[in-house]
Structure formats: structure tokens, C-alpha cells
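Chemist: Residues per chain are reported as follows:
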Amino acid sequence: MSRRRIAVIECPEEIPCNPCETACPQDAIKVGQPITHRPHLDAQRCMGCGLCVAACPGLAIFMVDIKDNDQAEVTFPYEFLPLPEPGDTVTAVNREGISLGTAQVKARWQPKGADGTYLVTIALPAALAAEARGIRRPSCDN
Amino acid sequence: MTTDDDIIICRCEEVTKGEILRAIKAGATTPQAVKRFTRAGMGLCQGRTCRRLIAQIIAQETGQSIADIVPSTYRPPTRPLTVASLRRDNREVDR
Amino acid sequence: MAQRSLKGIAVVGGGPAGLMAALTAARHGAAVVLVDENAEPGGQLRKQIHKFFGSKAHRAGVRGYRIAQELISDCTAAGVELLGQSVVFSLRECTLDLLQKDDAFNLKADAIILATGASENALAFPGCTLPGVMGAGAAQTFVNLHRVLPGRRVLMVGGGNVGLIVAYQLLQAGAEVVGVVEALPYLSGYQVHAAKIKRAGVPIWTSHTVLEARGDQEVQEVTIAAIDDHFHPLPGSERTLAVDTVCLAVGLTPLAELAWQAGCRFCYQGALGGYVPLHSDNMETTLPHVYVAGDIAGVEEASTALEEGAIAGLAAAAAIGCPVPIAEFDAAQERLVSLRKGPFGDIRQLVKSEIVKRWADCRVVE
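Those protein sequence lines, which keep their order, are chains A, B and C. When we follow my numbering, the leftmost residue of the first sequence carries the number 20, and every step to the right adds one. When we follow my numbering, the leftmost residue of the second sequence carries the number 94, and every step to the right adds one. When we follow my numbering, the leftmost residue of the third sequence carries the number -12, and every step to the right adds one.
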């Protein structure tokens, strides 16, 4: 796996949608015509900017960055309040919402075009990078 | 506990599933006939909530396809309005 | 009743299809009156806080409520006259009877575009009339328009896009969604929508149904059960969940009363929600100068409603004598067709073609 941050697109169905393609400043994502084609990522060109993560209406794009020290960073779109703050310890979850253990929030930002959606980056063991796709929401009863 | 027959299908006119089933058994096998028989669909909402449920019950009871259940006649007014509002005649606008 | 005659087009319904139809017709020189029953036009767009699919030409990536804001200000700029809080209660030929607040009057236009949308389907089960049982669209209106939580613990019934999206938006609003129940063995909504709520820890039960809601004055608990291939509950599979809200997202039916009254010909298309008025690919019904667009013409999505609205607007404008370049029709058709591709769109394209064919058959016979 590449030793830098790149997009991971989890868009399994042929739905009419291509904002990822138009958002990418590197032309790294190809949907083509018709727009129901599934996106294809050219990993060599991806700079890990996150513009596609923020643009995807399906919240189906993530970013993974495997570090050298068995650590990894996973970035995902996040649209719940309260927002996690950098430095927070959070519970990372997999695609089914099941806990993978704790993770550290490294960053939280809004790229151009996010229109309210945040990108959150968490650090966790590299072995979990392919599984972690979000964090547990803080309980709503507070 | 409420039984299936007690479920209210038409809320506006408070018509239960049991009443609709009895109407169908008595020969009211179209939405139009069920409406005349039970008043289902004749209330404030003019059947917007119940008409599809009634069509489903008729289809189930008579073995017809839902596609063959012809809706009852749609008449004005499609939305509730007061008689007073119809009587007003206070403007003549032309363009 | 007072009379008004309009040398132009009356559009009924200010959702995505109606707004787009009004805007498009006005931009081509037609005088347009847009009638909408709500305090503000926008229809379902106003509560669609999510970003739209599609391409740039379809405003993909833009949140629905922003599309409504844009269209409303564009309509105003193009000279569309908006009749708000106005309810159309009958249609005969090209004459509408309408009620604006307490005033009833009739409006005769040269062409009519019906963009009345769809209504939510109900589900009959013991307890379905208890307070707390509501349409998913109603819950969405609560949270996204009025900023009120309809409840704290919600069961969503229906795994189509409406159920999945509203479940997510209820989570965003701070409610707990205890689960999504779907009668089919699979979800009919997009997997990406399902993935959002799964990540948030919401269980999804396919091949399940709601058996009964119980409560003293309002919903306190609901019993669900697994079902077999014939939708019969499997004994022993019942489970009871403590909830205060049950949302029904079990499909939509085209809201076509006015088209029925006017005498349009219909056909039944289950894939599009039920009976739909026959229409041409220019959205004309079997009645001259009466057009349909959006969910009334078959339940699809806001993005397709926008494009059908554009086509109906062009066609109605052309029909009353406004110059409309043929290339604009082609471009709008192309945008529409591009949304009806893939496993979700193919069936709708097929059914729409069938409707157009039947419309043409009607025209030959008459």
C-alpha cells in the first residue's frame, strides 16, 4: 500500500452521480459517460486533498494513510454534532458501526465545497486502517 | 389488544378494516362501492391516506391484481374549503 | 366566484418540478403563475438537507434546500407570479378553481402544468393510528423545517432511499434510530445511504415487518417480526422495541386528483407508485395543453423532477406560441435520460417508455 494519504472510494452501485470526478483537481477519478459508471481512482495521481471526500453526496469516499510505524490515519466525512476536536480520544467504528477500539482525532477540517460537511482524521493502528470508517457518535442523551 | 378488524383504515370517517371487509363480502368489490357503502374516503382528506389501503384490501379479498382496481371518481373540491369562501365575489382581475 | 384569465401558463405545485417548469417557461417569454399551497414554495426540496446525486448539469453536490432557494429567486427574477398559500381544488380543461387564503376564484390559463407531487403511503397494523406513528416525510418536516424532534427513539419502517435518508437525518437531529425494518430481503435504497446509518450503529432488519404498535396515549413500544417469502410473520421471531416514534417510509403514490378530474387518461405502473397520467415525452397528458411533471407523472427523484419540469416548461411555452429552440428540448431530454440509467434507473426508463407509447396509442384512437 502507498505510504501517503490517498482516497478510498466505496461506491458499490451504478447510480447516476459524478461529483467526485468533477471535484478532483488531479483528474485522478474517472466516472465518464454514462454517469452511472462507478468511479475509478488512479492512485498514482491522487494527492489526498480530500476534495472528493467532501463532494461525495453518498459520503462514500474515505482517505487512508499508512505510516511507517504501524500506525495509520483514516479520514472520513462527518456530519454530526457535537464535533470531535483534534486531540480527543474517540471510539473508531467499522462499516457496521462496531467498535474497533480507541483512536486519536488528528484533524478536522472543511475543504472547499464541503458546505457543512466536516472531514475528520483519526490515528489508529495500521491493522485497523482497512476497517475503520467512522467514529461512535456521542450519545444523544446528555 | 386491538385485532386486525379494529384497525382504522379511513381516519376521517373512522371506518375500520372489519367494516370494509364486511362491505366487500356484501358485494362492494370496487373502491367506489366501498366508499358508498362505508363512507371510507369521503372525509376531509378525500381518501389520500386510505385509498391505497382500501385498494389493497379489495385486491386481497377478491383475488384481483392491484393494477385492476380502478380508483373511485375524483370530484372537486380536492381540498377542504368553506362554503363561505365560495360565496365571496369581491374581485375581478384580468391580465 | 371571481374570474381571472391568464394569457399564459398556470403551474400547480411549487416543488422541484413546478419551480423548474415555471422558471423554464418564463425564461422563454411565457407569463407564468405558480400556485403553491405552502407558506413558501420549494416542496420537498426545502427539507432535503443532503447533497444531490447527478452531474453538474443536475446540480449534483448541492443540498436540496439550496436548490429551492436558487430556483425561487430565479423564478422571481424571471417574472413568475407566485400565488402562495393557495390551494387548487378543481381542474376542468385549462381552468383551475383555487382558494387563496379565504378567497376562492377561478383561473383560466392557456396551458396548465400539474406538478402536485406524491403522497406518502400508509400501512395498516394494530396501533397505526396512535400518536407517534407518522410518515417519514412528516418526521423530516419536523426536524428539517420546524427543527423539532418528533421523538427520541425512532423505528424506521422501509429501507428505500426515503427511509434511509430520513433515518440519517433523524440521527443528525439528535434522535436515536433503534433500527430500520424492510419487508423485502434486500434494501431498495442506495447502499451508500444504508452505509451511512450502519456506520452510525443503526441495525437494519431485512425480511422483517412491523406487527403492532402499543401505548397508552401514544406509542411506547412496537413489535416487529421476521417474515417468510410470502410476507407471513415467522412465529417466535417477534421482538419488542421501546420507541416513541414509528416512521413509515413505505412508498409514495402520485398525487393526481386534478388530472383525474380533468379527464386525463391513466395507466397503472407499480414501479412508479401506482396510477399515473399517460404523457408524451414532452410531458403532455392526453388533454391538450395540460402537462404533468415530477412525481405526479410517476414517483422518481427530485433530480428527475427538475428535468421533467424543464421539459414541461419548454413544451407548454412552445404550445402557447413562445419561441423555443428545439436544441433545448434535446438537451433536457438528454439530461433526463442520463439519470435513468444503471440498475435503479433502467426499470424507470422502461416504464416511462411504455407510458409514452400508450399515450401515443390514445392519440391515434381518438
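These are calculated hints, taken from the structure and not from any lab test. There could be a bad hint or two in this list.
Think about it this way: if two alpha-carbon atoms lie no more than 25 Å apart in a straight line, the pair counts; the simulated DSS-like pairs of lysine-lysine are [stated by the list, open to error]: (1) A:131 x C:328; (2) C:43 x C:328; (3) C:43 x A:49; (4) C:88 x A:49.
What follows is a list of derived Cβ distance ranges for each label pair [stated by the list, open to error]: (5) C:-6 x B:169: 23 to 33 Å; (6) B:125 x C:-10: 50 to 60 Å; (7) B:132 x C:43: 45 to 55 Å; (8) B:177 x A:102: 52 to 62 Å; (9) A:102 x C:56: 39 to 49 Å; (10) C:134 x B:99: 33 to 43 Å.
C-beta atoms are modelled at their ideal positions from N, C-alpha and C, and glycine is treated no differently.
Chemist: The structure should be examined with respect to each hint, and the outcome stated for every one.
Modeler: Evaluation of the provided hints:
1. A:131 x C:328: violated (30 Å)
2. C:43 x C:328: Cα-Cα ~17 Å, so holds.
3. C:43 x A:49: It holds: about 15 Å lies between the C-alpha atoms, which stays within 25 Å.
4. C:88 x A:49: Judged against 25 Å, a Cα distance of about 52 Å means the pair is violated.
5. C:-6 x B:169: 23 to 33 Å: holds (25 Å)
6. B:125 x C:-10: 50 to 60 Å: Distance hint for residue 125 of chain B, residue -10 of chain C is violated at roughly 33 Å.
7. B:132 x C:43: 45 to 55 Å: holds (52 Å)
8. B:177 x A:102: 52 to 62 Å: Between residue 177 of chain B and residue 102 of chain A, where Cβ atoms are some 53 Å apart, the hint holds.
9. A:102 x C:56: 39 to 49 Å: At 25 Å between Cβs, range violated.
10. C:134 x B:99: 33 to 43 Å: holds (36 Å)
Taken one by one, the earlier hints fail for this structure at numbers 1, 4, 6, 9, listed in ascending order.
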